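Participant: Chain by chain, the residues run as shown.
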Amino acid sequence: MSDTQTDTILRTVGLAKRYGGVHALEDANFELKAGEHVAIVGDNGAGKSTFVRQITGVEQPSAGEIYFDGEKVEFKSPIEARDCGIETVFQNLALADDLDVPSNLFLGREERYFNLGPFSILNERKMLAHAQDALRTTGVKIPDLRNKIRNMSGGQRQCVAISRAASFASKLIIMDEPTAALGVQETAQVENIIRTLKSRGIPLILISHNLRQVFDLVDRIWVFRRGRIVGAVFFKQKTAYEIVSLITGVKTAVDAPNFA
Amino acid sequence: MTEVANPTKASDAPPVRRNRPAEINVLIGLVVIAIIFEVLGWLVQGQSFLGNIERLRIMILQVSVVGIIAVGVTQVIITGGIDLSSGSVVGATAMIAMSFAQVSTYPRAVFPGLTDLPVIVPIAVGLGCGLLAGLINGLLIAYTRIPPFIATLGMMVTARGIAKWYTKGQPVSFPTDGYAAIGAGMTPVLIFIAVAILFQLILRYTIYGRHTYAIGSNEQAARVSGINVERHLILVYVIAGVLAGLAGVVLSARGLTAQSGMGVMYELDAIAMAVIGGTSLAGGRGSIVGTTLGMLIFGVIISGFTFLRIDAYYQEMLKGLIIVGAVVLDVYRQRYRGRN
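So the protein lines, in turn, are chains P and V. Here the first sequence stands for residues 1 to 260, where the numbers follow my numbering. Here the second sequence stands for residues 1 to 340, where the numbers follow my numbering.
Just chain P, same shape as in the assembly (with noise of 0.2 Å):
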């Protein structure tokens, strides 16, 4: 199976998760174009996450095949999927509380003056160097790099781990809820940071509850529901409404794409 679409980034053809005998996921046919902005969205248990586990190398898919960049791929790990250049922001985010920005923004990937192997001396002016230019272009402030991450507020800290995400990130970031902890104002950072990736041209899949978040920043919003994807809209042509209908059955139609 060849794809001859190059403009297609991520693509996923009857992707499905069983734990035991739940399916958690099945038949998902998703795909996302370069450059686009899309939406997971869905209730709770809908598959959501367990989508992204699957695409990012957490877990294994149960069948199914996954094409990422026009090739087949079958990650083993995160670390597998972070290196093909697919970064997800946790919803736990995934910092090291005890580290500063510089520190976490490298973490498992650090500058090093030579390679001595773990006793590698790190090079922490070309780090910070760094961590400043990936703060400033997605947007972000924070008076101390060097303060840890144990001091920040929750703004802050989500903003260092989109950061860190974005900065690395050559095709495609992935968030899960990134703002469902925040507060008003923080939410509207990391929102801006999402417009930033937009405008750079960087894919994102966002996952997230909140409809009217997902309307102001995506392209597209792929809705989810007892583990089935029962549609993907171009929200300019759909009603809020609509997707909630989705979101909860009332209405079944289905709109995703047929790769068969």
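Since the hints were made in silico from the structure, they are not lab data. Accuracy of the hints is not assured; some may be wrong.
Here are the in silico distance ranges between beta carbons for each label pair [to be verified]: (1) P/R109 to V/I310: 53 to 61 Å; (2) P/P118 to V/D177: 32 to 40 Å; (3) V/R145 to P/P143: 37 to 45 Å; (4) V/A312 to P/P143: 49 to 57 Å; (5) V/P118 to P/V73: 54 to 62 Å; (6) P/P143 to V/V121: 52 to 60 Å; (7) P/P118 to V/T158: 23 to 31 Å; (8) V/L198 to P/L211: 50 to 58 Å; (9) P/P118 to V/T257: 34 to 42 Å; (10) V/L198 to P/N44: 47 to 55 Å; (11) V/E230 to P/F215: 38 to 46 Å; (12) P/P118 to V/V121: 23 to 31 Å; (13) V/S48 to P/R125: 41 to 49 Å.
All of these numbers come straight from a predicted model, not from anything done at the bench. For each residue, glycine too, the CB sits at the ideal point set by N, CA and C.
We have chain P already, so just place chain V on it with the hints.
Facilitator: For chain V alone, kept in the frame of chain P given last:
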């Protein structure tokens, strides 16, 4: 102290909250405790506590062997683990290393054919035994996922058993001059200083150090960031084991004899030094500078009790209180550090 993040606070003008280094507080503690003993000295004994250089020299010499262990234990605790085996590993390595360091003129050497060996042999044997103990600890903790407390408790009992079994309880004595030199005079203190500086620099400036803090801070984050957590933990426990082995060599050289009971309770003293020095039992925080200060506090208190002629039994009890007190202080610090 930081408060829980206030979500309504404007993100574009957040307050800069940067705590002063924990080591400063420990240093203040050290100075205060020393001054208390100085005052008590004049009141009770009519003489200076700090003014007696010989007393301070003995104090430093006494704590520096445990200090070598504490350097390794600190790193283990920073990863969120614990090492209860270090004291027993000291005992076992002291016995085994000493058996390769005996002079030929001693008729009852453990290995009559292996006497008068160059000093590098017993040192290598001692460090190797420590390495092996640390490797077993690390493998158990990283791959069987049993808690470090249990894994190292097992090693604690086993290593003590080995120390006793090795010569059926007989002490091992009469080392070569070269071996004895390792423990002579202030050499143990110099060894401690070298080890402490080395690992302070490694923890602060290398990838190993950064990952050690990262794992203790948020193991999940470390994992998804691509750090090989298992391999790193093994390395940390191996380093702790090697340092315990080094302490065993130094201790036996200093005593000119090795006994199977050497190093009993050293693991708790080392943990206490680390915790007093600001290393958090929850992981992620601590430094060798802090542990060194913790070691000095420990030494000053023990030396101060002796100076005040407090009975040795009371000293033991007070030491227990200090260890518990340090942990209570750590828990108290946790509660007020603004963790979400």
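Participant: Are the hints correct? Go through all of them and say.
Facilitator: Against the structure, the hints come out as follows:
For the pair P/R109 and V/I310, the supplied restraint of 53 to 61 Å holds, since their beta-carbon distance comes to about 54 Å. At about 37 Å, the CB distance of P/P118 to V/D177 agrees with the hint of 32 to 40 Å. Under the hint 37 to 45 Å, the C-beta atoms of V/R145 and P/P143, about 40 Å apart, fit the expected range. Checked against the hint of 49 to 57 Å, the pair V/A312 and P/P143 passes, with Cβ atoms roughly 54 Å apart.
Our hint of 54 to 62 Å for V/P118 and P/V73 holds, since their Cβ atoms are close to 57 Å apart. Here the CB-CB span from P/P143 to V/V121 is close to 57 Å, well matched to the stated 52 to 60 Å. Take P/P118 and V/T158: their Cβ atoms lie about 28 Å apart, and the range 23 to 31 Å holds. Distance hint for V/L198 and P/L211: a CB-CB separation of about 57 Å, consistent with the stated range 50 to 58 Å.
The given range of 34 to 42 Å is respected by P/P118 and V/T257, whose C-beta atoms sit roughly 37 Å from each other. For the pair V/L198 and P/N44, the beta carbons lie near 52 Å from each other, so the given range of 47 to 55 Å is met. A hinted range of 38 to 46 Å holds for the C-beta pair V/E230 and P/F215, which are about 44 Å apart. In this structure the hint that P/P118 and V/V121 lie 23 to 31 Å apart at CB holds, the actual value being about 28 Å.
Separation of V/S48 from P/R125 is about 47 Å and conforms to the stated range, judged on CB atoms against 41 to 49 Å.
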